[in-house]
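*Asks:* Here are the chains, one letter per residue:
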Amino acid sequence: MDALLHITTLHYLVLGAALFLLGVIGVLTRRNVVIVLMSIELILNAVNLNLVAFSRYWQGMPGHLGGPGALHGQVFAIFVITDAAAEAAVGLGILIAFFRNKETVNVDEVNLLKW
Amino acid sequence: MFLTHIYLIPLFPAIGAALMFFFGRKLQKGTVSAVCVGTIVLAFLMACGAVWQYTDWAAANDHKPYEKILYTWLGTDTGHLTYQKSDGDSAPLQADAGFLLDPLSSIWLLFVTGVGMLIHIYSTGYMAHEGGYYRFFGYLNLFMFSMLTLILANNYVLMFVGWEGVGLCSYLLIGFYFHRNSASDAANKAFIVNRIGDAGFILGMFFIAWMAGSLRFIDVTHFARANAATLLGNPYITAATLLLFVGACGKSAQLPLYVWLPDAMEGPTPVSALIHAATMVTAGVYMVARSNALFVLAPKSMTVVAIVGALTAIFAASIGLVQNDIKRVLAYSTVSQLGYMFLALGVGAFSAGVFHVFTHAFFKALLFLGAGSVIHAMSGEQDMRNMGGLSEKIPVTFRTMLVATLAIAGIPILAGFFSKDEILWKAWNSSPYLWAIGFATALMTAFYMFRLIYLTFWSPSRVVSHEIEHHIHESPASMTVPLVVLAFFSLTAGWLGWPASLGGSNHFEKFLEPVFANHTEATETPASPEEGPRSTEYLLMGLSVAAAFAGLFLARNAYKTAGKGYTEPIAAAAPPLYNTLLNKYYVDEGYDYVFTGRRKLGDFRLGVMGLGEASSWVDTNVIDGAVNAAGSITRSSAVVSSWWDKWIIDGVGVNGPAILARMLSYPARLFEWGLVQWYALVMTAGLVGFVFYYVYH
Numbered sequence: 001m002d003a004l005l006h007i008t009t010l011h012y013l014v015l016g017a018a019l020f021l022l023g024v025i026g027v028l029t030r031r032n033v034v035i036v037l038m039s040i041e042l043i044l045n046a047v048n049l050n051l052v053a054f055s056r057y058w059q060g061m062p063g064h065l066g067g068p069g070a071l072h073g074q075v076f077a078i079f080v081i082t083d084a085a086a087e088a089a090v091g092l093g094i095l096i097a098f099f100r101n102k103e104t105v106n107v108d109e110v111n112l113l114k115w
Numbered sequence: 001m002f003l004t005h006i007y008l009i010p011l012f013p014a015i016g017a018a019l020m021f022f023f024g025r026k027l028q029k030g031t032v033s034a035v036c037v038g039t040i041v042l043a044f045l046m047a048c049g050a051v052w053q054y055t056d057w058a059a060a061n062d063h064k065p066y067e068k069i070l071y072t073w074l075g076t077d078t079g080h081l082t083y084q085k086s087d088g089d090s091a092p093l094q095a096d097a098g099f100l101l102d103p104l105s106s107i108w109l110l111f112v113t114g115v116g117m118l119i120h121i122y123s124t125g126y127m128a129h130e131g132g133y134y135r136f137f138g139y140l141n142l143f144m145f146s147m148l149t150l151i152l153a154n155n156y157v158l159m160f161v162g163w164e165g166v167g168l169c170s171y172l173l174i175g176f177y178f179h180r181n182s183a184s185d186a187a188n189k190a191f192i193v194n195r196i197g198d199a200g201f202i203l204g205m206f207f208i209a210w211m212a213g214s215l216r217f218i219d220v221t222h223f224a225r226a227n228a229a230t231l232l233g234n235p236y237i238t239a240a241t242l243l244l245f246v247g248a249c250g251k252s253a254q255l256p257l258y259v260w261l262p263d264a265m266e267g268p269t270p271v272s273a274l275i276h277a278a279t280m281v282t283a284g285v286y287m288v289a290r291s292n293a294l295f296v297l298a299p300k301s302m303t304v305v306a307i308v309g310a311l312t313a314i315f316a317a318s319i320g321l322v323q324n325d326i327k328r329v330l331a332y333s334t335v336s337q338l339g340y341m342f343l344a345l346g347v348g349a350f351s352a353g354v355f356h357v358f359t360h361a362f363f364k365a366l367l368f369l370g371a372g373s374v375i376h377a378m379s380g381e382q383d384m385r386n387m388g389g390l391s392e393k394i395p396v397t398f399r400t401m402l403v404a405t406l407a408i409a410g411i412p413i414l415a416g417f418f419s420k421d422e423i424l425w426k427a428w429n430s431s432p433y434l435w436a437i438g439f440a441t442a443l444m445t446a447f448y449m450f451r452l453i454y455l456t457f458w459s460p461s462r463v464v465s466h467e468i469e470h471h472i473h474e475s476p477a478s479m480t481v482p483l484v485v486l487a488f489f490s491l492t493a494g495w496l497g498w499p500a501s502l503g504g505s506n507h508f509e510k511f512l513e514p515v516f517a518n519h520t521e522a523t524e525t526p527a528s529p530e531e532g533p534r535s536t537e538y539l540l541m542g543l544s545v546a547a548a549f550a551g552l553f554l555a556r557n558a559y560k561t562a563g564k565g566y567t568e569p570i571a572a573a574a575p576p577l578y579n580t581l582l583n584k585y586y587v588d589e590g591y592d593y594v595f596t597g598r599r600k601l602g603d604f605r606l607g608v609m610g611l612g613e614a615s616s617w618v619d620t621n622v623i624d625g626a627v628n629a630a631g632s633i634t635r636s637s638a639v640v641s642s643w644w645d646k647w648i649i650d651g652v653g654v655n656g657p658a659i660l661a662r663m664l665s666y667p668a669r670l671f672e673w674g675l676v677q678w679y680a681l682v683m684t685a686g687l688v689g690f691v692f693y694y695v696y697h
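So the protein lines, in turn, are chains A and B. Going by our numbering, 72 is the number at position 72 of the first sequence; the sequence numbering is gapless. Going by our numbering, 475 is the number at position 475 of the second sequence; the sequence numbering is gapless.
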């Protein structure tokens, strides 16, 4: 069927970048620690999107350059997902330790090292 | 017996002085007189006995001097105290309390005790109405003790003790009327000027001790005579003798240290007679005569002595021509006659000089005592301008003073003629110039002495007030008897030295021969001038007599008719010369400007004291100023250093890096805020940087 626009790899990359950017902005600007963790997940997922998009691209290439077996990106994405899960677990653990100590979930107040 | 107890001769007056010191105030005048005069009479008798015995002893003992040593005063008997002589050996430093009697000291002993005795007797009359009677006699006795110690000493050190003692007594006696400023000033002047001479004496003693290894007269004379050939002209001997002569100049009032003697007339007249005419001032002559063995080895010193003596003689005589105070005339006369004595010693005529001392003692003491008698008669008036016509009123005084004047002027037969003539003859043999100076002085001497006689006695009376005129009376016997005795000796004492040229045998010179037996080369050395022919001697003798009479006649013409307001012939002829002479050539003023430091030019002190002040100013301001400036500079540099240290080194060097570090740390601290999101931001920024790098590189 003819679509309004043809979805190319580029669109996926742009989306990935946008999500990445949103995630970075969230990490940098949000006060709540939970939101920061969520933003980190967003970054990681943006990266996943990027990886899968490129994997699909190389799959569309002729045989000696990629071919149907060029699944490297997707495999990497599985790893990233796993890593994200582990990291989220650890992060939440830190969050709970932090909350026990400071009774707050504001990142601003993690400033014991502030001069 | 007298000889072995010779130490008693000075001891008697010492006891008298001590008694006066301890008990004098409580004693009656009669007791004081008896004690003090008695001690001198005893001393005189002992002196006569000692000299009598000495002549016998000397004849039996090869005419050696008789020496009696009581104990060793300085140093030790074992000679532990040693010093190094000029030739490298070590010599013991020793001086004894010892007494020496030889012809020279015999003569001095006799006339000092004799004239001293007469003056003591005279003083009982003269000072009868004065206060401080016991003090006067105590000082007189102390003086006799010192003078006798000086004469009888057997070594230079003990002689110096006596030397200083007579200087002290001179001070005490000149300043006897200490209430008067002029008297105490004169006493100070005498002592201080004497002291200058004493410095020379001491330095001379050092040289002698260094060269000869001993200070005893016998040792020094033996040393000098034994080494005469090698020591002739030795510079150290010359130095020693010149320094001794400086001492003699101080004590015996030669140029330039004579200035104290005219001022010394502030003391009572017997003091002037004893100390400043007969005894103390002859101490210098005695010392030079005693050191004749050394002087003979130094022809240069002898020349100096002769020239200084001659110049002093004529200088003082010229001042004496115009003085108006009777005692001043006699004082300058003394200085002049002492010049004669040194002239004699300087040309090598030692016995002639000693002879003149001997005769001079008699007639000068007589002149002074006579002047005292005149002053006593005139109720204290001393200015000759206010005297006159006293010849009938005080006949004994007049006649005795006339005898003395004839003696001093050198009228034949009297004492002065023989001694003065011998000096002039010996001076001619040495140098005609010296003779000419001596001759001119003789003429002046005759003139001013007869001027004194005429103005005082033989001219119309110029006495100022009637009370004084009515009060004029002859002095009591205690005063006139000594005058007569002295007049007798002024007449006859010269006969002891009747020269061979006039048919006598000069006993005086023979008596002194052992003392002056210096065997030097008989050449033109002043030690033994060649004798000229007899005819020259008669010619000179005649000239001297002519000069004496010329002086008499000149004085007669000028002063015999001198009424009130008479004019001096010299003042009429040459007023500037008269003023100069009257003001004593302004020597005292000159010394005042140069030495005493009392004159100022504005704020600046003149003379050597001014130099001292200037040096002190330089030291305080320039030298200390430089030191202070160095200190200030050091201090300022310390200020600069401290500023540098504080601001630059500490500020820039030490604190600078610290501040720099702090400043740099501000931005650096930003990296460790402790805010997690900030870290995340930084990481992101780094990431973006990497991305840009890879994309655009």
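No lab work stands behind these hints: they were computed from the structure. It is possible that some hints are incorrect.
To list a few chain B residues with every Cβ distance to chain A over 10 Å, as calculated [as the list claims (entries may be wrong)]:
no., residue
1, Phe23
2, Arg225
3, Thr230
Mimicking SDA-like on lysine to any residue, the simulated pairs with C-alpha atoms at most 20 Å apart in a straight line are [said to hold, decoys possible]:
no., chain 1, residue 1, chain 2, residue 2
4, A, Lys114, A, Phe99
5, A, Lys114, B, Ser665
6, B, Lys646, B, Arg635
7, A, Lys114, B, Leu203
8, A, Lys114, B, Asn386
9, A, Lys114, B, Lys646
10, A, Lys114, B, Arg225
11, A, Lys114, B, Gly674
12, A, Lys102, B, Gly674
13, B, Lys85, B, Lys300
14, B, Lys64, B, Lys300
15, A, Lys114, B, Thr230
16, B, Lys560, B, Leu675
17, B, Lys393, B, Ala436
18, B, Lys300, B, Asn386
19, A, Lys102, B, Trp673
20, A, Lys114, B, Gln677
21, B, Lys300, B, Ala228
22, B, Lys68, B, Met1
23, A, Lys102, B, Lys64
Even for Gly, the Cβ is constructed at its ideal location relative to N, Cα and C.
*Asks:* Is the Cβ of B:Arg225 farther than 10 Å from every Cβ of chain A?
*Replies:* About 113 Å separates B:Arg225 from the closest Cβ of chain A, which puts it past 10 Å; holds.
*Asks:* Are the Cα atoms of A:Lys102 and B:Lys64 separated by 20 Å or less?
*Replies:* Violated: A:Lys102 and B:Lys64 sit about 135 Å apart, past 20 Å.
*Asks:* Hinted pair, alpha-carbon criterion (20 Å max): A:Lys114, B:Ser665. Please report holds or violated.
*Replies:* At roughly 14 Å apart (the allowed maximum being 20 Å), B:Ser665 and A:Lys114 satisfy the hint.
*Asks:* Take the C-alpha atoms of B:Lys68 and B:Met1, compute the straight-line distance between them, and say whether it is at most 20 Å.
*Replies:* Holds, because 12 Å separates the two Cα atoms, which is no more than 20 Å.
*Asks:* Against the 20 Å threshold, does the CA-CA distance of A:Lys114 and B:Thr230 hold or violate the hint?
*Replies:* violated, 112 Å
*Asks:* Measure nothing beyond the straight line between the CA atoms of A:Lys114 and B:Asn386; if it is 20 Å or shorter, mark the hint as holding.
*Replies:* violated, 125 Å
*Asks:* Would you check whether the claim that B:Phe23 is not at the interface survives, using Cβ distances to chain A and the 10 Å cut-off?
*Replies:* Given that every Cβ of chain A is farther than 10 Å from that of B:Phe23, nearest at about 109 Å, it holds.
*Asks:* Measure nothing beyond the straight line between the CA atoms of A:Lys114 and B:Gln677; if it is 20 Å or shorter, mark the hint as holding.
*Replies:* This hinted pair holds, its Cα atoms lying about 13 Å apart.
*Asks:* Given the hint that A:Lys114 pairs with A:Phe99, does the C-alpha gap stay at or below 20 Å?
*Replies:* With a Cα-Cα distance of about 19 Å, the restraint between A:Lys114 and A:Phe99 holds, given a limit of 20 Å.
*Asks:* For the pair supplied as a hint, B:Lys85 and B:Lys300, confirm whether the alpha-carbon distance does not exceed 20 Å.
*Replies:* violated, 24 Å
*Asks:* Take a quick look at whether A:Lys102 and B:Gly674 sit within 20 Å of each other, Cα to Cα.
*Replies:* holds, 15 Å
*Asks:* Decide if the proposed pair is consistent with the structure: B:Lys646 and B:Arg635, CA atoms, cutoff 20 Å inclusive.
*Replies:* It holds: about 16 Å lies between the C-alpha atoms, which stays within 20 Å.
The structure is inconsistent with the numbered hints 7, 8, 9, 10, 13, 14, 15, 16, 17, 18 and 23, although it conforms to all the rest.
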